[in-house]
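So the sequence lines, in the order shown, correspond to chains A and B.
The numbers in the first sequence follow our numbering, run straight up by one, and end at 410.
The numbers in the second sequence follow our numbering, run straight up by one, and end at 359.
Treat the hints as calculated values from the structure; they're not laboratory data.
All of these numbers come straight from a predicted model, not from anything done at the bench.
Just so it is clear, CB atoms sit at the ideal spot from N, CA and C, and this is done for glycine as well.
A few of these clues could be false.
Cβ-Cβ distance ranges computed for the label pairs, FRET-style [said to hold, decoys possible]:
1. Gln293(B) to Asp162(A): 44 to 50 Å
2. Ala255(A) to Asp267(B): 28 to 34 Å
3. Glu256(A) to Pro78(B): 41 to 47 Å
Short derived list, chain A residues pointing at chain B, Cβ under 8 Å [unchecked claim]:
4. Ala263
5. His285
6. Met286
7. Val290
8. Cys293
9. Gln294
10. Ile296
11. Leu297
12. Pro300
13. Val301
14. Phe358
15. Gly360
16. Met378
17. Gly382
Beyond 12 Å from chain B on every Cβ pair, some chain A residues (computed) [unchecked claim]:
18. Leu289
19. Ser292
20. Asp341
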Amino acid sequence: MEVEILVPELRSAPLEDVVAELSARAAPVDPFSDRVVEFCADFSQTIFRDREASRYPELAALAFWMRKAELVRLRAEFERMTPPQTVAAPRGLVFHIPPANVDTIFVYSWLLAALTGNRNAIRMSSRRAPAADILLRLWRESLARAAPEIARSAVVLSYGHDEEATRALSLACDVRVIWGGDRTVATIRTAPLAPHARELTFPDRASLAAIHAGRYAELDAAGRRKLAGQFFNDAYWFDQMACSSPRVVVFAGAAEAATQASAAFWDALTECLDEKQFASPAAIHMRKLVYSCQAILELPVVEYRRDPEATVLQLESLGREPREHSGGGLFFAARVDNLRDLVPVLNRRHQTLTHFGFDGAELRRLAAAFGGRAIDRMVPVGQALQFSRFWDGYDLLHEFCRFTYCEVGR
Amino acid sequence: MTVAELLQAAPYSIPQAEKEAILVEQLGALTEHHRRECAEYDRLVRILYGGSGPAARLADIPFLPVGLFKSHALRSIPESAIFKTLRSSGTTGQEPSQIVLDRETAQRQTLALSRIMTHVLGARRLPMLLIETPSLIKDRRQISARAAGLLGMMNFGRDHAYALNDAMELDGDAVRGFLERFGGQPFLMFGFTFVAWQYFLMKLAGQKVDLSNGTLIHSGGWKKLQEQAVSPQELRRRFLAETGLARIYNFYGMVEQVGSVFLEGEDGYLYPPAFADVIVRDPVTLEELPHGQTGILQVLSVLPTSYPGHSLLTEDLGVVRAVDSPACGRFGKAFSTLGRLPRAELRGCSDVIAASARI
Numbered sequence: 001m002e003v004e005i006l007v008p009e010l011r012s013a014p015l016e017d018v019v020a021e022l023s024a025r026a027a028p029v030d031p032f033s034d035r036v037v038e039f040c041a042d043f044s045q046t047i048f049r050d051r052e053a054s055r056y057p058e059l060a061a062l063a064f065w066m067r068k069a070e071l072v073r074l075r076a077e078f079e080r081m082t083p084p085q086t087v088a089a090p091r092g093l094v095f096h097i098p099p100a101n102v103d104t105i106f107v108y109s110w111l112l113a114a115l116t117g118n119r120n121a122i123r124m125s126s127r128r129a130p131a132a133d134i135l136l137r138l139w140r141e142s143l144a145r146a147a148p149e150i151a152r153s154a155v156v157l158s159y160g161h162d163e164e165a166t167r168a169l170s171l172a173c174d175v176r177v178i179w180g181g182d183r184t185v186a187t188i189r190t191a192p193l194a195p196h197a198r199e200l201t202f203p204d205r206a207s208l209a210a211i212h213a214g215r216y217a218e219l220d221a222a223g224r225r226k227l228a229g230q231f232f233n234d235a236y237w238f239d240q241m242a243c244s245s246p247r248v249v250v251f252a253g254a255a256e257a258a259t260q261a262s263a264a265f266w267d268a269l270t271e272c273l274d275e276k277q278f279a280s281p282a283a284i285h286m287r288k289l290v291y292s293c294q295a296i297l298e299l300p301v302v303e304y305r306r307d308p309e310a311t312v313l314q315l316e317s318l319g320r321e322p323r324e325h326s327g328g329g330l331f332f333a334a335r336v337d338n339l340r341d342l343v344p345v346l347n348r349r350h351q352t353l354t355h356f357g358f359d360g361a362e363l364r365r366l367a368a369a370f371g372g373r374a375i376d377r378m379v380p381v382g383q384a385l386q387f388s389r390f391w392d393g394y395d396l397l398h399e400f401c402r403f404t405y406c407e408v409g410r
Numbered sequence: 001m002t003v004a005e006l007l008q009a010a011p012y013s014i015p016q017a018e019k020e021a022i023l024v025e026q027l028g029a030l031t032e033h034h035r036r037e038c039a040e041y042d043r044l045v046r047i048l049y050g051g052s053g054p055a056a057r058l059a060d061i062p063f064l065p066v067g068l069f070k071s072h073a074l075r076s077i078p079e080s081a082i083f084k085t086l087r088s089s090g091t092t093g094q095e096p097s098q099i100v101l102d103r104e105t106a107q108r109q110t111l112a113l114s115r116i117m118t119h120v121l122g123a124r125r126l127p128m129l130l131i132e133t134p135s136l137i138k139d140r141r142q143i144s145a146r147a148a149g150l151l152g153m154m155n156f157g158r159d160h161a162y163a164l165n166d167a168m169e170l171d172g173d174a175v176r177g178f179l180e181r182f183g184g185q186p187f188l189m190f191g192f193t194f195v196a197w198q199y200f201l202m203k204l205a206g207q208k209v210d211l212s213n214g215t216l217i218h219s220g221g222w223k224k225l226q227e228q229a230v231s232p233q234e235l236r237r238r239f240l241a242e243t244g245l246a247r248i249y250n251f252y253g254m255v256e257q258v259g260s261v262f263l264e265g266e267d268g269y270l271y272p273p274a275f276a277d278v279i280v281r282d283p284v285t286l287e288e289l290p291h292g293q294t295g296i297l298q299v300l301s302v303l304p305t306s307y308p309g310h311s312l313l314t315e316d317l318g319v320v321r322a323v324d325s326p327a328c329g330r331f332g333k334a335f336s337t338l339g340r341l342p343r344a345e346l347r348g349c350s351d352v353i354a355a356s357a358r359i
């Protein structure tokens, strides 16, 4: 069968040829080789300079994330974490299955695997967002300037819902990375891997924000505006549908303080939305209205607040929030006395806790209390979407490497 | 005026201001009725609206989004009083709405439809050509919304004949046979808009079939015809040119609201009957829009007592064109529908299709 190749250049090619090329033994590439780092830095520059890309804040964030200085920092981090008695090597061929609707994940996923010296096959959905097509174009442009072995080390392809291609690539790869939710994971898992190969899965996740009511009260108007802007980025960049975007906002503190903080917080968000003249399509408003009604009937909702772009459903207690979400700016709000009250109500599905006003010791204690059963990430409000090598409980740099243990005789 | 009197009144005879005064009172009473009889509805009104007081204007009557009935079959009657449950056809992949009727609401629905149809058809049953395939209603246990619509309309005709065969092809012999018997006198035709265009008119074109004594009633939305760039005007023009048919009435209605049967007037606009009305709302603020502006249609009807569906926000776009301008002898609002709200693709990591998100 023919597959559509999007990177290194636009063409169609027989599936067997693509798999054969990817599986061919290539000269090994060291993790963080200069050539790879240079290429990634150049790709970052290409994104920064592009007119069309500048319209998408998430592309600027991506370019910033893979700028030269950051890559050099990452290399130093990688070297520090590699024990002296081991030699790190790439795993080989990484097969990435990114989500259809978050335009930038496929680049982050590829980047960490490429930096560690792996070859990559990335399967793109045919229904991609415009920003993804911009990235593919810029990728091709950067590759045209790069060394041929760089160009050969990654293939981005698209083939609709064809089992045959997924099966062939799964058998050929050393690591399979599945983004995109429970159903995708379940479907892709029916395609077997080689015995030695491993898999990283990123199933459906949900995230929340926690605000310290007392510290929030201490903020002046400018501070509240700033926080609202950061929260806006977390929630609205991907229509609140990114797994790390907050759906629940928890105000921690005594009843009166929490009520005041909550009211001021949502007012500040409304102002921020007004200022940005943020406007969702009509269908989103309708979806949020239907979802609100369903939530009122199924959950302990005590209050409904509708600013058209931000619907807030105040809950009496947490723990029964549904798996599905309307997206588009609908939040559950709740009060807790203390962050520890989250421990019994969160579970393995909860990924990111964005926080404001808590100190490091408190957050670390909370992480220990979760004990790996919930929350893989705690970052300040504003950084929910900032990608990191630590994601969903994995250290991706580590996951993309093999470590040869090498003990020297006395 | 009581609900019974509203149903007996000539459907388009009440000037808007007078009609609104009656509806505000009746619909307000229905809000209280459903709050008493349906705990879920009461909870929704308390939380979404902070309760309900006496409404001053029609726009003050609380409304629910029609999509809620896909996940929740709300009812204001005990289970033992359920007479039948209606299911919407729904778009592919979506759950159908479930509407619970008791005997009284079902009877009023039949009466309401009849009041409206006799307004254009007269009191006598006419010979009826169904622009449908007979297989649609062969299995009476599994009735789709389309079949239910057809069965409801069949009551207004006699000597029924089907214009299409089981394969949805034009049954030329049946049509000719029907017209030979009844074509010289007034007769009735009914079909879904797209079917009437695609499987009937397009196949009849150029065959010199005379439908000039007929009245066509059609319904079901313009979505598929919009895709082919066929406007309501074009449909009328082509029927007239090809068959001499001039009496064409579209109607807009939905399973979710008993009594909301909005029939087209001779001017091509839709008219709410005495016991129902429409409001156009801004899709973002949900405030009522001035006449002439396009927004989301809210439909109101005093007939649903068995379930809290007397005031529903649809997902259809519409615009009020005129009020009390009896160019075709009708009082009240004259409005047009402009199709469904365009669907919105959300982004996100998950493969859960957000459009189907429900709890």
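> Is the hint on Cys293(A) kept, meaning its closest Cβ partner in chain B is under 8 Å away?
Replying inline: holds, 5 Å
> Can we keep the Pro300(A) interface hint, with Cβ of chain B closer than 8 Å?
Replying inline: violated, 11 Å
> So is Asp341(A) really clear of chain B, every C-beta pair being over 12 Å apart?
Replying inline: At about 23 Å from chain B, Asp341(A) clears the 12 Å cut-off, so the statement holds.
> Against chain B, with CB atoms and a cut of 8 Å, does the hint on Met286(A) hold up?
Replying inline: holds, 6 Å
> Does the CB of His285(A) sit less than 8 Å away from some CB of chain B?
Replying inline: Since the shortest Cβ distance to chain B is 6 Å, the answer is holds.
> Measuring from the C-beta of Ala263(A) to each C-beta in chain B, is the shortest one below 8 Å?
Replying inline: This interface hint is violated because 16 Å lies over the 8 Å limit.
> Under the criterion of a CB-CB separation shorter than 8 Å, is Gly382(A) in contact with chain B as hinted?
Replying inline: Violated. Min distance 19 Å.
>> For the restraint on Ile296(A), tell me whether the closest CB of chain B is nearer than 8 Å.
In response: holds, 5 Å
> Range hint 44 to 50 Å: satisfied by the CB atoms of Gln293(B) and Asp162(A)?
Replying inline: Because 47 Å falls inside the window, the suggested range holds.
>> Quick check on a hinted range of 28 to 34 Å for Ala255(A) and Asp267(B), using CB atoms only.
In response: Distance hint for Ala255(A), Asp267(B) is violated at roughly 60 Å.
> Measuring from the C-beta of Val290(A) to each C-beta in chain B, is the shortest one below 8 Å?
Replying inline: holds, 4 Å
> CB of Glu256(A) to CB of Pro78(B), is that within 41 to 47 Å?
Replying inline: About 44 Å separates the Cβ atoms of Glu256(A) and Pro78(B), which means 41 to 47 Å holds.
In summary, the numbered hints that this structure violates are 2, 4, 12, 14, 15, 16, 17, 18, 19.
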